[in-house]
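Trainee: Quick note, the sequences are listed as chains A and L, same order.
Residue numbers for the first sequence follow the numbering used here, beginning at 14 and rising by one.
Residue numbers for the second sequence follow the numbering used here, beginning at 40 and rising by one.
Hints in this document: simulated from the structure, not taken from any laboratory.
In this text, all values refer to a predicted model and were calculated from it rather than measured experimentally.
Do not take every clue at face value.
What the hints assert, rightly or not - Derived DMTMM-like pairs: lysine to aspartate or glutamate, alpha-carbon spacing no greater than 20 Å straight-line:
1) L:Lys121 - A:Asp206
2) L:Lys125 - A:Asp206
3) A:Lys191 - L:Asp137
4) L:Lys157 - A:Glu197
5) L:Lys121 - A:Glu296
6) A:Lys205 - L:Asp111
7) L:Lys95 - A:Glu197
8) L:Lys95 - L:Asp111
9) L:Lys125 - A:Glu197
10) L:Lys157 - A:Asp206
11) L:Lys95 - A:Glu296
Said to hold, decoys possible - A few chain A residues that don't get close to chain L, going by computed Cβ distances all over 12 Å:
12) Ile44
13) Glu76
14) Leu139
15) Gly149
16) Val165
17) Arg200
18) Ala249
Note that CB positions come from ideal geometry on N, CA and C, so glycine has one too.
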Amino acid sequence: MIAPKYSVSRLIASKLKGLSPTRGAEYFAIIGFLIISSIILMAILAPLIAPYNPIKKTGELLESPNHKFILGTDGLGRDILSRIIYGARIAICVTFLAISFSLSCGVLLGLLSGYIGGKLDSILALVMDAVYSFPGLILAIVLAAMLGPGIVNTAIAIAVIYTPTYFRIVRGLVLSLKESLFVEAARAIGAKDRTILFRYISPNVLSSVPIVLSLNAADAVLTLAALSFLGLGLPAPTPDWGFDLKAGHAYLASRIWWPSTFPGLMIVLLTLGFSLFGEGISEMLNPELGR
Amino acid sequence: MKNLLEVKNLKVYYYIREGVVKAVDQVSFSIKKGETVGLVGESGSGKSTLGLSILKLVPSPGRIAGGELFFDGKDLAKLDNKQMRKLRGRWISMVFQDPMTSLNPLMRVGDHLTETIKAHEKVTHKQAEEKALSLLDNVGISPERFRDYPHQFSGGMRQRVGIALAIVLNPNLVIADEFTSSLDVIVQSQILNLMKKLKKSHNMGMILISHDISLVSEIADRIALMYAGQIFEFAETNAFFEEHLHPYSEGLLSSVPNIKLSNQNLSYIPGMPPDLIHPLKGCRFYPRCSYATKICREKEPPLAEIKTGHLVKCFRYN
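Just chain A, same shape as in the assembly:
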């Protein structure tokens, strides 16, 4: 197998081994990585670390943070800490699903569209541009409302708005690589189209994808929160940060801040994690900024 020119995992591994960052960008990437990984860890270990069942009434309604309920309880008497911990599962799950849907669709269609060209390319490019021209959130709302609630449906609604980003990047690169000499040389020694596309073109395209990936993930977290906030995310008792934010929002006027503040903070934290990571990586990989 070919090792990609810049592998994010390899980069992180090498950075973490030395752990002596010389520039701000590297701190960014490491902090972002730590935030993301701790939230993922929280999601995985949710049943072990959550003190209560997140969808059962375990205390009085709207208890302020105390020694029994560290972050208080919500309007239905459920432990907010437990809901936040379980909510991480939804956030991580939907984000990763959405990103992998859009990534695989966008990259694959971009490769085919750019390589095959002709009518297929014109049609796909037009469709993708049409999708791209919509304000992302509005499109996601429409799709989520049409598809109905559920993890996969929400992920699809979010995936659709990010697919054109990958499509455009990949297609553009394929169009230029298709004309490059090494592709022509491969053709002159009798390489199949499939070989050319997957052994010659795609490895050279994929190195530019990881950065976009991380930045899109940050955006996807916010989109998911927005959809849940509007009640278009997941069905009711599921612990979900956006939904809890909305539910807690009603009590803010009576100075009961904890049901909405903590889910909100989690959304900010995860978004921050993804964008720090993405920005950090992209700055580290950008040769023009100098080492």
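Assemble the complex: chain A is given as a structure, and chain L must be docked to it using the hints.
Mentor: Okay, now just chain L, sitting in the frame of chain A:
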């Protein structure tokens, strides 16, 4: 002896917005088995297009507009894409001009070779690797560089890899398009010697496309001189240098710099290469030709055999 490649009245046109560029127009020639032909001409004379058209790889908007190509008796026009693909590399292959960009930057040098072998032959990975290693050794690259990436190689080494890649399947015909142009003279002569050696050991036919007539003459058995999409003179290398008959050949050879000449003596051919969208009615060279007469303006001269094996497209000899 049977002809390895026969080109008959080949026309390759580029269909662009401004019109039809007749990059190769009515070209006929043939190559025998194991023979090397140097295809020489200035920029834009259609020599690279001719090379690519033999592999049916003319880039769009170009297309083979007419004529016939016979390789080993087979009509290439009748082969579909799949058959053509099998032919490329196995029977006819190509060495490209720019060694810096003709290898996949993300593929190990050895993998270029093994993948090609495996794509065309039913061999195990191990066998393919052994074959690739011996071939690299053949072109002068040590086995420990097998797992390196192209960027770890110098230009000359990459061109060696490019050559290895072109001959890996023992093709009967190798088309080398300006294969030494981006290399310095020392590396050029090394590569040239390598090609000579390989030509002997593999008994390959070769088409060497170049603008450098003296370089090509080092190795070519015959020389074809192209101008404005047509072959103007075709002769054995020695005969060509002893007696170049076409006025264009004369002009071209006297404009090759020579250390024995004083500055004043280095001549050039006045004028510009012609517009290939609206080619001239008569001889395409007449505006630049010092021997031009009235008939040159009106009629196109035929490519006629003046002496045995010496073809010239000029009215001076008819």
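Trainee: Given the hint that Lys205 (chain A) pairs with Asp111 (chain L), test it: the Cα-Cα distance must not exceed 20 Å.
Mentor: The given pair, whose Cα atoms are some 23 Å apart, is violated under the 20 Å limit.
Trainee: Are Lys125 (chain L) and Glu197 (chain A) close enough, with their CA atoms no more than 20 Å apart?
Mentor: Cα-Cα ~15 Å, so holds.
Trainee: Can we trust that Arg200 (chain A) is non-interface, i.e. its beta-carbon lies farther than 12 Å from all of chain L?
Mentor: Arg200 (chain A) is in fact no farther than 12 Å from some Cβ atom of chain L, at 6 Å.
Trainee: Lys95 (chain L) and Asp111 (chain L): Cα distance at most 20 Å?
Mentor: Answer holds: Lys95 (chain L) to Asp111 (chain L) is near 16 Å, not above 20 Å.
Trainee: Verify the proposed pairing of Lys157 (chain L) with Glu197 (chain A), using a straight-line Cα cut of 20 Å.
Mentor: This hinted pair holds, its Cα atoms lying about 19 Å apart.
Trainee: At 12 Å, judged by beta carbons, does Glu76 (chain A) keep clear of chain L as stated?
Mentor: holds, 58 Å
Trainee: Taking the closest pair, is the beta carbon of Ala249 (chain A) still more than 12 Å from chain L?
Mentor: holds, 49 Å
Trainee: Within 20 Å, alpha carbon to alpha carbon, are Lys121 (chain L) and Glu296 (chain A)?
Mentor: Cα-Cα ~45 Å, so violated.
Trainee: Grab the minimum beta-carbon distance between Leu139 (chain A) and chain L and tell me whether it stays above 12 Å.
Mentor: holds, 21 Å
Trainee: Going by Cβ atoms, does Val165 (chain A) stay more than 12 Å from chain L at every point?
Mentor: holds, 34 Å
Trainee: Below or equal to 20 Å on CA atoms is what counts here, so check Lys95 (chain L) against Glu296 (chain A).
Mentor: Judged against 20 Å, a Cα distance of about 44 Å means the pair is violated.
Trainee: Is the Cβ of Ile44 (chain A) farther than 12 Å from every Cβ of chain L?
Mentor: holds, 31 Å
In terms of the numbered hints stated before, the structure departs from hints 5, 6, 11 and 17, listed from lowest to highest.
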